[in-house]
Amino acid sequence: MILAAGSNPFIQFPGGAKWSIGFLGIFHVAVGSLAIGFAFVVTVLQLIAYFRKDNRYDLLAKRVQLWHVCIYNIGTINAIGLVFALSGLYPQFWAQIFTQFFWTLIVEETLFLMLATTLTLHYFFWDDMWGHKKLHIFMGAMLTPFFFLQFFIINGMGAYMLTPAFAEGQASLWSGTAGILGWDKLAFYNPSFLMLTLHRTAANFAYAGFVVAGVCGVLLYRAKREKIKAWYESGGRFAFKVAFISFLTLPIIGFFYAWVLKYHAKEAYDNLMVGRGDVVAGGVDWWWVKQLIVAAMVGMGLVFGYKGAKDKREFALPKSLVYTVGLLYLLFYVGMGAQMTWLFVWGSLGAVVAAGLWTVHLLNHHQGSGRAVFLTMGILSFLTVCLGGYVREASRPRFVNPSGQQQAGFNRIQQYSKVYHPAERPENIEMRMVRGTAPHVAELPERSPLVELPPETAADLVSARCISCHTLERIYRYKGTDWDRVVGRMKAYGTRLTGAEAAEIADYLAGGELQRNTSIDVNEALSSE
Amino acid sequence: MDLPVIETPVFPRWVWMEEITYSHIPIATLVTAYMLLAPVFEYIGYKRHDPRWERLSKALIWFAMILFSPGAALGTGIPMFIIGTYPEFWSRWANLFFWPLIAQFIFFLVEVFFLFFLYYLTWDAWQGAKKKLHIAMGVCAAISGYLVQIVWDSLGGYMLTPGNVALPGVDQPVAWSLPAMLNPSFPFLLFHRTFGNFSYVMLLTGGVLALRYMGQKRKDPNSENTQYFHWAAGICFIIGFFAFFAQPVIGWFYARVIQREAPVAFMAIMGGHSSPYFIAKMIAILILLVVGGTFVVKRYGSKSVAWAATAGLLIVLLIVIMHPPLMWLGQSAAAWRVVSTAVVLAIIGWLWRSRGRGDPDRKGWQWAMFVVGLAAFFAFAMGGFSREHIKSPDTVYGEIVKPEWTDYEADRYLVYQKWLEPQELLPIDLDRQRPESWRSEVGQARRDGLELTDEEAERIITYLEEHH
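Chains as they are written, first to last, in numbering that gives the first Met the number 0: chain P, 0 to 528; chain Y, 0 to 467.
Hints listed in this document are in silico derivations from the structure and should not be mistaken for laboratory results. Keep in mind the model is a prediction, meaning the values are calculated, not measured. Quick reminder that beta carbons are idealized off the backbone N, C-alpha and C, glycines included. Take these hints with a grain of salt, some might be off.
Some but not every residue of chain Y turned toward chain P, in silico, with C-beta under 7 Å [claimed, not checked]:
#, residue
1, L2
2, P3
3, I5
4, A72
5, G83
6, P86
7, V109
8, V111
9, P172
10, A174
Here are the simulated lysine to any residue pairs, SDA-like style, with alpha carbons at most 25 Å apart [what the hints assert, rightly or not]:
#, chain 1, residue 1, chain 2, residue 2
11, P, K61, Y, P78
12, Y, K218, P, K289
13, Y, K57, P, D127
14, Y, K57, P, W66
15, P, K61, Y, R54
16, P, K184, Y, P78
17, P, K61, Y, L66
18, P, K228, Y, V304
19, Y, K218, P, H131
20, P, K61, Y, F112
21, P, K184, Y, F112
22, P, K184, Y, P11
23, P, K17, Y, I105
24, P, K289, P, I25
25, Y, K218, P, D126
26, P, K61, Y, F62
27, Y, K57, P, Y122
28, P, K306, P, S233
29, P, K184, Y, V4
30, P, K61, Y, A58
31, Y, K218, P, G130
32, Y, K129, P, R62
33, Y, K129, P, A222
34, P, K184, Y, A332
35, Y, K57, P, W125
36, P, K17, Y, L449
37, P, K17, Y, L108
38, Y, K216, P, F124
39, P, K17, Y, A102
40, P, K17, Y, V109
Full structure from sequences and hints, please.
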């Protein structure tokens, strides 16, 4: 029997367990999201073909569905790999979360089977069902709700891992918040569940639309006959339009999603906003990279939309919509700049302008054909989906202290202590199944309220109160010395501070002793309590 | 960490587990067998310039493609169900076999890549000069699919015959163990399942194609389709029929390994509590041999086919009379051997008599082929079911007990382990005592040297008095 080195009681994976799970997870999300979007696009195309009596759309729908069948199976197998990898690398976490959400997962699996069967029948019997077109379209249309129900379940579990709120692993596991073991309702309907679901829904439509447009772009490059070229150009513009409209909703939903994170996963929110923790990897803030790619997509989409409207192209966006989108995004960047740093605004606007100019060049180069734009947007949307998934998972506070150094257990809040983390697993832990109720369950605490850590120093006060609304960056950048007035103004804006606390903060800031390391070591604080 | 036992509605947990597993395995085995056979058929068609082989090969792959997604979705359900209902077992098992599971995942991914993208999608495009390349892609898909089966048979074999490899705790990372993978029953399980797959899949396919033939014949007896289905049904059926004869030989060695490595499980199947399933399997095989054999010698009336069937049946006879514990006829080896010899010889005589007689293209015989296909499937399913059932109440033989074990199951296990095995008795011996004699029998055996603690002796006596 081959055992790992005694000093390390975990299975070793090349590159680290976290990266293997991250890779498999993101790959699965990218493929799964595309599958959801494909299902929707196929139905839309089939409906257009049916009502316009234009078989070209049906042909495109069949082609997209063939690719859907192929990638669907890759996604399925990837999910199996993810399950195996999690079982081996994080056995305690995985066994616990499976027991906690068992019935949810069984429902998800049932949907999965229905989906696989319906998809298979829909594609492989496409021609055989030609005489029953309405039934065939209905069958294809059922894929989207099946996918969404499945997606809904996975989002519940994924969101729980970021905002567990009042649900606590062992306690919820044994009490079953719905009175049924294996169905932790409270954990499932956690604070960020709704926003994550909405955000991912819109993103999936956008992503799949852009990828379909990208495929049309590739086919345009390869097509020889003018009629075929016109057909792919038309298909690409249609997919692009669907995608771009979905894409527009993302900053609005994203704003509310961030708002939820701010109150229920404060450190995750801070990690995203100020680039801390695993969000920064290899010296690169990947959340920023994602935002810059999104800005480039906005720039390309706006210019493409404007040119399409001007030249009165098929499926062109109305000019008014293009202007509205431009204004909306400008407001979004200004808002983000006020929250984060103005460098973000300039970077994003730069990306918008550069991508817009590049789009003008690409359109001119191809005599108005959108092939290069379709392809570029398809690639960029894939990158944003991958990076979005990555930063969401990486934002959970773990491993990293405020200085960016890896340190197990540092910088974690009480809720996360029940979500398994391998570095903190005690040695010689045993897993056993217990019928009835485990002896220790009576000793488990009732759902305890969140632990409010009393701020002890002025630095803690700054950390706890000031960066609830803005980043420390804002404090560093302030050149004045009138901290009394500044703190008073913050009180006027709504910061809850007693007179003594306000004075303490003002003295501290005026003394220039502000250090970056202002976070509270919660573990230490809890143990001292 | 203590985990609760989640109870399932309507049926006990193990029934649900088996239902999910047995809905996946027939699909997965069908896909694997089709993938292995399709490039071979395609190659034969290419060499013989016979388009019927090409058509059959493509049809197999088309059907494999249809089954693939639902099969994979069901396959995903198995670990999900096990992790939720048997988390301790799964975590420890996945700890022991982490790398094989990851390898299986990679093989599976490669399989999809070759099957979907390089074999199915390229079928029409890669004709002519690229035909050999296309066949090679099919071979690659088949190899990767078979590697998936190899991994699962290795891991499944471990659950019945763990050998000397203990199931590690969650805190004892192993990741992989060659002795555990090459456990004693692995090669026999692998080959038994491989030939079992070929046999049941081809017989069932032959049966279904026979029904298609019937349908086409009704429409137009002389059409190309009718001729094709007539040919395809026969060729699939005969492949399935003769592939079966490898089974008793491999099965005999497999049973010997189980007898040595998992004696309690062996007793369970050979006259013990799982023997009804085994007998049901044997009845299905008997139907397969008699009805299927009759069809084969009627349809292909040559002497060589009849001799091949005779040789196969003689192998079956040899295995049956050598099999040590199959002595259910009055506990007499001689009686068992005489009766089984008489039955097999009668079948051989019947086949020779039927050779070339009658019209095997009649409607009744097409239905008979289908029934034989179903019997083969039933035999296959019962084999898998009884293999998993004989470990009860263990999940991994001798290593971990299922959480819902009952006193009855535990006591029965103890009787097999501590009463029958040391005395070289069989489960049938338990039915030959009067109830009041068990206490004195056990007492006498202990005085004669049988090692039992007082508690074990009491449990054995109570069990035997209540049930025998």
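**Message:** Hinted pair, alpha-carbon criterion (25 Å max): Y:K129, P:A222. Please report holds or violated.
**Reply:** Roughly 23 Å between the alpha carbons, so the hint for Y:K129 and P:A222 holds.
**Message:** Run the distance test for Y:K216 versus P:F124: straight-line Cα separation, threshold 25 Å.
**Reply:** 24 Å, holds
**Request:** Below or equal to 25 Å on CA atoms is what counts here, so check P:K17 against Y:A102.
**Result:** The given pair, whose Cα atoms are some 19 Å apart, holds under the 25 Å limit.
**Asked** Between P:K184 and Y:A332, does the CA-CA distance stay at or below 25 Å?
**Response** Outside the cut-off at roughly 62 Å; violated.
**Request:** Assess, step by step, whether the Cα of P:K184 is no farther than 25 Å from the Cα of Y:F112, and give holds or violated.
**Result:** Violated, at about 39 Å.
**Request:** Compare the distance between the alpha carbons of P:K17 and Y:I105 with 25 Å, and conclude whether the hinted pair is satisfied.
**Result:** Distance of about 19 Å is within 25 Å: holds.
**Message:** Interface hint check: Y:I5, Cβ to nearest Cβ on chain P, cutoff 7 Å. Holds or violated?
**Reply:** With a closest approach of 4 Å, the Y:I5 hint holds.
**Request:** Verify the proposed pairing of P:K61 with Y:L66, using a straight-line Cα cut of 25 Å.
**Result:** 19 Å, holds
**Item:** Given pair status - Y:A58, P:K61, alpha carbons within 25 Å
**Value:** It holds: about 20 Å lies between the C-alpha atoms, which stays within 25 Å.
**Message:** Would the hint on Y:G83 be counted as holding, given a Cβ-Cβ threshold of 7 Å to chain P?
**Reply:** 4 Å, holds
**Prompt:** Within 25 Å, alpha carbon to alpha carbon, are P:K17 and Y:V109?
**Reply:** 24 Å, holds
**Prompt:** Given the hint that P:K17 pairs with Y:L108, does the C-alpha gap stay at or below 25 Å?
**Reply:** 21 Å, holds
Figure legend: structure checked against the earlier numbered hints; hints not met, in rising order: 7, 11, 12, 18, 21, 34, 36.
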